[in-house]
Structure formats: C-alpha cells, structure tokens
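J.: What follows is each chain in one-letter form.
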Amino acid sequence: MSELDEVLQEFLVESYENLDQLEQDMVSLEERPEETEIIASIFRTIHTIKGTCGFLGFSKLEKVTHTGENLLSLLRDGHWKINRPIADALLHTGDAVREMLGHIETTETEGDTDYSDLITELERLQKTGGLEDGSSEVEAPDDQAMNAVDATPAEEAATEEPDDEASELAEDLDAKSEDEAEPATQEAVETVAEAAVQAAESAARSVAPSPKAAQAEQAQQRAADAGKGAAEQAIRVDVGLLDKLMNLVGELVLARNQILQYGNSQQDPIFVSTTQRLNVLTTELQENVMKTRMQPIGNIWNKLPRVVRDLANSCGKKIRLEMEGKDTELDKTLIEAIKDPLTHLVRNAVDHGVEGPEDRLAAGKHEEGVLLLRAFHEGGMVNIEIADDGGGINTDAIRSKAVRNDLITQDQADNMGEREVANLIFKAGLSTAKQVTNVSGRGVGMDVVRTNIEKIGGTIEIQSRQGHGTTFRIKIPLTLAIIPAQVVTAAQNRFAIPQVSLLELLRLEGNEAAHGIELIHGTPVYRLRGNLLPLIYLNHELGLPQKEQDPDNPIVNIVVLQADERDFGLVVDSINDTEEIVVKPLGSELKGLNTYAGATIMGDGAVALILDVIGLAQRAHVLNEIREHGASSKDDLAGEGGERKTLLLFAIGEGGRLAMPLEMVARLEEFELERIEQAGTQQVVQYRGELLPLIQVSSVLGGYAPRAREPHEKLQVVVYTKNGRSVGLLVDDILDIVHENITVQRESDRMGLLGSAVIQGKVTDLVDAEGVIRAVDPSFFAQTESAIA
Amino acid sequence: MSTETQYCTFFLDNDFFGIEVSRVQEILRYQDMTEVPLSAPVIRGLINLRGQIMTAVDLRERVGLPPREDGKRPINVVIRQKDGGVSLLVDSIGDVMSPSEELAEAAPENVNPRIRALLQGVYKLEGRLLQILDPDKLMEFEGAAA
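As they're listed, the protein sequences go chains D and F.
Here the first sequence stands for residues 180 to 968, numbered as in this note's numbering.
Here the second sequence stands for residues 106 to 251, numbered as in this note's numbering.
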C-alpha cells in the first residue's frame with residue numbers, strides 16, 4: 180500500500196468518485212431515457228477510467244471499460260434505447276471496475292477474476308440492444324473501427340504532433356469506415372463517422388503550444404463539462420488534518436471559555452473588549468472549521484437509488500425513490516456512522532414495507548410504491564425521515580410475537596398503544612427472531628440500527644399506520660466534538676449533562692419541595708402533569724453526601740431526562756449554566772464506569788464529568804430490564820419458568836401479604852382517617868374535586884385478622900381507574916414493588932383471589948382487583964362499559 | 106544492555122521507589138482534582154494537564170500504605186501509557202539515578218505478594234533500597250477495564 184505512487188492513488192480516488200457518479204446516472208437514465216446529457220455523462224466517466232488505466236497499463240480493466248464504452252456509444256447515438264438488460268450490464272460493468280480498483284488498491288494488480296462473461300454479454304447487447312428477438316439485423320460497427328474511435332486524443336496528442344494527429348486520426352477513420360464497415364448498415368456508418376468527427380474535433384482542440392498545455396486544457400474542459408467547474412476553487416484535504424483542526428478548535432473553545440470567565444472579574448476596558456472579540460472570533464472559527472467537515476447527506480443517499488432499484492427488481496416490486504433535502508449537511512463522522520443504519524432502513528422499506536404491485540392495486544393504491552427520504556435541520560439537530568407508503572406495521576403480529584418471546588407480558592401487550600408496539604421492533608429479542616410475518620417482519624438488525632444511532636447521540640422513532648405506510652424518523656446532532664450541555668452540581672461536584680437527553684428543568688420551592696415528592700415504598704416519584712415521574716437522586720447514586728435542606732426554604736431541583744424513551748427526574752443540588760463542552764474520553768482505568776460518558780474542561784479550567792444518562796438510568800433501575808441491551812436480559816428472562824411481572828406488594832391485617840399487577844395501579848395515595856366520609860352506605864373521600872369510593876379490601880376478602888389502628892394513622896389507598904372512573908382500595912401497608920417470575924402455586928377458589936405464589940421468599944396472595952371491585956359494586960364495570968358505548 | 110537504566114525516583118513515607126525514566130513524561134506540583142464518584146478507591150480524581158484529562162492514581166493506596174496526612178499535598182508523576190497517560194500521586198521526588206546492574210536483585214519472596222507483583226526488582230543502594238515499580242502492573246487493579 181505504502182508503495183503506491185501518487186499517480187495511482189489519484190487515479191483510484193478519481194475513479195471511485197466517477198463510479199459513484201456513474202451509478203447515479205445509470206439509475207436516473209432508466210427513469211428518463213431520453214436525456215442524452217446523462218448518457219454523455221456516463222460515457223465520459225467510463226471513458227476517463229479507460230483512458231487512465233490504459234496509460235497505467237491495466238489491460239484487463241481497460242478491456243472491460245472499453246467494451247462497456249462501445250455499448251454506451253451506441254446508446255448515446257440513439258442506436259439503442261436504454262432497457263433493463265442494458266442497464267444491468269452497464270451497472271455490472273461498474274461493479275467489475277470497482278472490484279478491480281479494489282484489487283489495485285490492495286495488491287496493485289487487477290486480480291484474477293475472469294470478466295469474459297461480462298464482456299460477452301456487453302458485446303451481445305451491442306448487437307441485439309437487449310431486445311431478445313434480435314429484431315434488428317444491424318451489425319454492430321466493427322470492433323476495429325471502434326478501437327480507432329476510442330483512442331484517447333489527449334494521450335496521443337501528448338506524445339505526437341497535435342496537428343498531424345488530428346488529421347491522421349480523421350483519415351484513418353475515414354479509411355476504416357470505408358474499407359471495413361461495408362457490411363454495416365447506414366446507421367452504423369453514421370455512428371463511426373460521427374465518432375470520427377468528434378475525435379477529430381477534440382484532437383483539433385488540443386492544438387496548443389505544448390502537449391502538456393493541451394492535456395491540461397483537456398482536463399479542464401472535461402471538468403467543466405461534467406459540471407465540476409469548481410475545480411480551481413476546491414482542493415483535496417486529508418481528513419486527518421481536518422480532525423486535527425477540529426481538535427485544536429475544541430481546545431481553543433475551552434481556552435476561550437476560561438478567558439471569558441476570568442474576564443468577567445476584570446475592569447480593564449481593553450482587556451474586556453479584546454476578550455469579547457476573541458469570543459466572537461472563536462465562535463466564528465469553530466463554525467467554519469465545523470463546516471469544512473460538513474458533507475451533504477446526498478453523498479450517502481446517492482448510493483441508495485441503486486440499492487432500491489436492484490432490490491425492488493429482485494422482489495418484483497415497483498418503487499420510486501424520492502429525495503428531499505439532499506443538501507442537508509452534517510459532520511463527516513456522522514455521515515459515516517449513519518450510512519449503514521440508513522441503508523438498512525431503506526432495504527427494509529423496500530423488502531417489507533412496500534407491497535407488491537398486485538397487493539397495492541388490490542388496496543386501491545398506485546402500483547408503484549413511493550419511498551421518500553427527507554432530511555432537514557431542526558433545533559440544532561439533523562432530521563432524517565424514511566417514509567414508505569406501504570402496508571404499515573402489523574402491530575397485532577408484533578404483539579403476539581413479543582409475548583411469545585417473553586419480551587413483554589400479555590397484560591403489557593394489551594395495554595400498549597400502537598406506537599409503543601411499533602417501537603418493539605427495535606428490541607433485540609424480537610429482531611433476532613425470525614420474521615414476524617411477511618408484512619411486518621422488519622426486524623433483523625433493527626436493534627443494531629437503533630444502537631448505532633444512539634451511539635452517536637441520536638434517536639430513532641417509528642410511526643406506522645396500517646395500510647398507509649411507515650415512517651422512521653432519525654434525529655442526530657450536527658456534530659459530536661462540541662456539544663451543548665447543562666451543568667449541574669451535586670455535593671460541590673459539577674457534572675455536565677448532554678442537552679440531547681434533557682427534557683425540562685423543574686424547581687420545587689416551599690410546600691411543593693417539602694411535600695411534592697412522594698414515596699412508593701421508598702422509591703421517590705413526582706407528579707408531573709398527572710404522570711408519575713420516577714426520581715433519581717444524583718448524590719445518592721454516586722455515593723455523595725446529601726445536601727442539607729434549609730427547613731425554612733426547601734428547594735428541590737429536578738432535571739427531567741429521557742433515556743431510551745423513558746422519562747425520569749434527576750434530583751441535583753443546583754442547576755447551573757448551559758455550556759458548550761468538548762467531549763474528552765476517560766482513561767481506560769475508568770472505562771468500567773457506565774455512569775460517565777466522558778469528561779470535559781470547564782471555563783475555570785477544572786475537569787467536570789459528563790453524565791451518561793442511559794448508564795445512570797440503568798444503574799438506578801429506572802429502565803425496565805427488558806429495555807437493557809442484548810442477550811443478558813433475555814437470559815434471565817428465560818432463566819426461570821413462570822410469568823415475569825411487575826407487582827405491587829401490600830399488607831392487609833396481621834400478616835396478610837398480597838400482590839397485584841402494577842399495571843392495574845393508577846396511583847398510590849395517603850389519606851387521613853378523618854377525611855373519610857360516608858355517602859349512603861359507601862365510604863368515600865374527596866379527591867381531586869370528585870368523590871372517590873373506597874373499598875376495604877380486608878372486609879371483601881375476609882379471613883385476615885384485623886389490625887389495630889393507631890389514631891391519626893394515614894390510610895394507604897391504591898387507586899384503580901378504568902374509563903375515567905376511579906375507585907380506591909384501602910390497604911394497610913404498601914410494602915414494595917417487585918419484578919419477578921411468578922408461578923402461581925395454588926389456585927384459589929376464594930372470591931377476589933387468583934391464587935398464591937412465593938414472592939421474595941414469602942407466601943403472597945394474588946389479588947383479583949377487578950373481582951374485588953365487582954363484589955362491592957357490580958355496576959362499576961357495566962357502567963364504565965356503557966359509558967363508552 | 107550495556108548502559109545502565111535510568112530511574113526517576115520518589116518517596117512514599119520512607120519507602121524509596123523508582124520508575125524507568127523513559128516512561129515518565131513529566132513531574133508536576135499539586136494540581137486541583139475532580140473526584141470521580143464510584144471509581145476504584147485508588148483513583149483520586151481527574152486533572153487537567155494542558156487540556157488533556159489525566160486520571161490521578163494514589164500510589165500510597167496502590168501499595169497499601171496508610172492515607173497521606175491531611176494538608177500534605179502530593180506531587181504528580183505523569184507516566185506514559187499505551188493509551189495516553191496517567192498521573193501517580195507521590196509524597197516527594199528524588200533524583201534521577203542510574204544504579205549499577207550489579208546491585209539489582211528480585212524482590213524477596215516474603216514481600217507481600219500484592220506488592221511484590223508490582224515490583225520489577227530491588228537495587229541494594231548504600232544505606233537504602235530502591236524498589237523499581239512496573240508502571241503497567243500499577244494500572245492493573247480492580248475496577249480498571251481489562
């Protein structure tokens with residue numbers, strides 16, 4: 180590799196670029212076969228590669244490109260029209276060239292692959308034009324004549340006298356077409372004649388003071404022709420150099436932050452104004468250096484038309500690929516990182532999303548499916564959408580599959596919204612399994628797609644309407660190197676939280692701070708707009724001392740974060756500024772800690788740790804185990820028999836230990852005994868402006884020894900809500916919330932009980948909450964049902 | 106090896122240690138550190154070394170000595186690692202020495218095996234022993250990524 184000389188290296192780079200262009204052109208040519216400009220562009224591409232490889236002595240490569248070029252020249256001259264066989268053959272030519280270039284890059288030889296089949300096919304197409312009946316008797320122009328046409332004028336002009344060359348070539352061609360093209364039809368003669376004229380023209384163009392200048396002019400001409408007129412204004416720069424620049428700018432940003440902070444305490448007007456100038460310049464420099472690394476997303480999209488075309492053809496589908504926002508730019512490293520996930524999503528959409536033509540027609544859609552790629556900037560993030568108008572995701576099938584694979588319980592499945600179900604396809608257990616159904620089998624590797632996108636700080640979500648299509652929406656940051664972050668403090672330590680995962684900031688004061696946080700058996704939660712937000716205390720999680728609350732003026736600061744689509748609140752001592760931070764990796768001796776994503780240097784020069792929101796959530800068990808990555812969670816799911824459920828444990832009477840599924844619990848409440856009032860025969864409590872009927876669970880179930888109540892003891896109430904109606908179940912103690920495999924040991928025939936199981940090593944009765952309610956108020960469910968009817 | 110190896114030497118209490126000079130990047134006076142909660146106890150924090158973030162390892166803790174007296178500020182010996190560097194916190198710095206190879210010996214068998222694993226050998230200098238630490242072994246402790 181290191182021996183590759185510069186010329187060869189340049190040839191490879193240029194050829195790869197040309198090939199990318201070729202593939203795009205081929206696909207667009209199939210759509211718009213009349214556009215001669217596209218054919219001309221393809222012709223130029225192949226021709227350039229051929230010319231250079233002849234010069235470098237790669238004869239096999241030359242032979243393949245040469246044959247391809249012959250076919251192309253027939254297309255260009257309108258001799259044949261583009262059709263599937265021709266397009267396939269030409270694309271294969273591109274593949275073959277790519278393969279050989281790969282060999283050249285690694286071994287400096289063209290490799291041993293035999294391309295004679297391809298060449299034969301190309302030659303056959305020259306004769307038949309891909310029309311199987313061979314309707315045209317036209318013989319392709321003689322090979323030799325074509326050879327003459329294809330001699331690259333520039334090359335030879337460089338070695339011979341330009342004037343003579345032009346006339347010689349023209350003469351030569353004339354002679355040949357007279358002598359040897361006789362059996363060919365008029366058309367063929369015209370082809371050759373035209374080519375000859377063109378060759379003569381370009382040779383004449385190269386009449387210039389020195390052969391070198393002629394060559395340069397030619398190259399320029401070619402660049403201009405290809406619409407790359409910017410050649411003089413652009414240079415190639417090593418990506419390594421750009422990376423280094425970016426690192427330096429990152430350091431500069433940190434130094435700037437430090438000076439700004441110091442400057443705030445200074446009076447000297449010159450110093451202050453210079454600092455401000457430095458600030459502005461640094462920001463501008465940062466933006467511009469970032470721009471040098473920006474690439475339009477079109478660079479990776481350009482490969483997709485080919486992918487879609489080939490895959491659609493092999494599935495027998497008709498799919499049109501549309502793209503919007505090709506020019507949307509993002510950092511090169513991010514472009515690289517999303518390439519594979521994006522390709523995967525597009526393949527999936529073609530393979531499983533869009534239906535076959537018959538199905539589409541039957542569903543009243545146009546037989547041609549549309550796959551829309553859209554990219555745009557929004558709120559400092561890049562949004563990419565992949566939308567198909569296919570059958571959508573069959574959520575029922577996913578539900579049952581997920582339940583069968585023990586990813587979720589039947590209850591969970593029943594209570595999940597369509598969107599939640601659709602999101603199940605990102606789960607490892609589901610996606611590594613076989614296809615769910617033909618329609619909704621999007622699965623293989625979807626967890627990898629999500630992992631890859633999350634790795635670069637992005638998110639992916641899915642929207643699907645059955646019968647109308649599926650849309651994947653990816654959001655990724657513009658760059659990874661410098662990110663905005665929220666700085667918080669816990670026990671005098673500062674921590675940075677990437678703003679991507681931040682939802683909102685809450686500050687509880689006074690009474691709200693003292694009583695706003697409730698406990699579900701030791702687990703703190705906060706009611707945020709009617710939903711329970713699990714809380715994590717940063718000090719506690721990191722083993723830092725707790726802050727002493729000022730009893731007169733208590734304050735609680737909560738940072739609401741999102742990890743893996745799960746919201747939770749992080750309680751911190753104080754919330755500071757937001758700052759642009761440069762992410763620096765931690766040493767290997769700290770890699771084992773998943774609570775930190777890295778470290779950064781703050782404005783005052785001190786180091787601050789960057790919190791890894793997902794790692795923190797996992798550590799605090801806010802994330803459901805099934806959401807954790809990979810096989811480990813699957814293993815312990817499969818480890819024991821029985822059903823895995825999240826249960827609320829509570830106590831009734833002396834020694835009565837009961838459990839009910841947590842999904843059935845709307846809220847947990849505490850009421851003073853005094854607040855219980857009587858409405859008819861029913862005990863009620865005023866609750867949120869309504870009357871909440873209460874049911875004494877122990878009296879319904881019976882058989883539990885009543886417990887002596889202390890005066891002023893608070894009553895524990897489990898609120899059950901269905902269709903807007905609520906009922907409170909009075910229990911004596913809330914014990915715990917457990918997530919366990921439950922095996923019902925003994926079925927129960929007692930009313931209101933499902934049976935017993937061993938939970939946390941103790942016998943626990945499973946309560947049939949709905950049965951209990953029905954026993955007291957038989958109309959509860961009937962009413963709710965009629966209410967919605 | 107014809108030439109004698111040079112060692113950067115330092116003290117922890119009265120124990121005299123050395124690390125091959127080629128592995129030492131620089132010596133720094135005390136730097137402010139940022140604690141890393143949940144990390145292994147030998148990790149004292151992170152320091153900002155001209156924009157590079159370095160982990161500071163308390164060598165006293167590593168070799169099983171009692172904690173440094175309050176108010177005594179350690180000195181950073183920054184050593185080069187495969188992936189960057191790490192700072193060792195020591196009590197005070199000695200000279201760079203190149204003791205004669207004839208004075209070298211392996212650490213005796215009865216030294217605490219936990220400490221012995223860290224030692225490349227011992228030089229019997231006049232009046233005191235110079236214990237040579239293996240910088241790579243130093244970084245192999247519980248909580249460090251494999």
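Bear in mind the hints are in silico, worked out from the structure with no lab data behind them.
Some hints here could point you the wrong way.
[Claimed, not checked] The calculated lysine to aspartate or glutamate pairs, modelled on EDC-like cross-linking and capped at a C-alpha distance of 16 Å, are:
(1) D:Lys482 - D:Glu196
(2) D:Lys763 - F:Asp188
(3) D:Lys770 - F:Asp188
(4) F:Lys177 - F:Asp163
(5) D:Lys770 - F:Asp200
(6) D:Lys893 - D:Glu919
(7) D:Lys518 - D:Glu300
(8) D:Lys242 - D:Asp199
(9) D:Lys941 - D:Glu919
[Claimed, not checked] If you want the footprint, here are the derived chain F segments under chain D, 3+ residues with CB under 8 Å:
(10) 116-125
(11) 184-197
Small disclaimer: the values here were computed from a predicted structure and weren't measured.
Glycine included, every Cβ here is placed at the ideal spot set by N, Cα and C.
J.: Hint by hint, say whether it matches the structure.
T.: Each hint, compared with the structure:
Distance hint between Lys482 of chain D and Glu196 of chain D is fulfilled; the C-alpha atoms sit about 12 Å from each other, no more than 16 Å. For the hint pairing Lys763 of chain D with Asp188 of chain F, the CA-to-CA distance comes to about 13 Å; that is within 16 Å, so the pair holds. Between Lys770 of chain D and Asp188 of chain F, the direct Cα distance comes to roughly 12 Å. Compliance with the 16 Å bound is thereby established for this hinted pair. The suggested pairing of Lys177 of chain F with Asp163 of chain F holds, with an alpha-carbon distance near 13 Å, which does not exceed 16 Å.
Only pairs whose Cα atoms come within 16 Å are accepted, and Lys770 of chain D paired with Asp200 of chain F is rejected, the gap being roughly 34 Å. The straight-line distance between the Cα atoms of Lys893 of chain D and Glu919 of chain D is roughly 29 Å, outside the 16 Å bound, and the hint therefore fails. Distance hint between Lys518 of chain D and Glu300 of chain D is unfulfilled; the C-alpha atoms sit about 33 Å from each other, more than 16 Å. For the proposed pair Lys242 of chain D and Asp199 of chain D, the alpha carbon gap of about 20 Å is over 16 Å, so the pair is violated.
The straight-line distance between the Cα atoms of Lys941 of chain D and Glu919 of chain D is roughly 13 Å, inside the 16 Å bound, and the hint therefore holds. Counting residues of the region 116-125 of chain F whose CB falls under 8 Å from any CB of chain D gives 0; the rule of at least 3 is not met. Counting residues of the region 184-197 of chain F whose C-beta lies closer than 8 Å to any C-beta of chain D gives 4; at least three are required, and the coverage claim holds.
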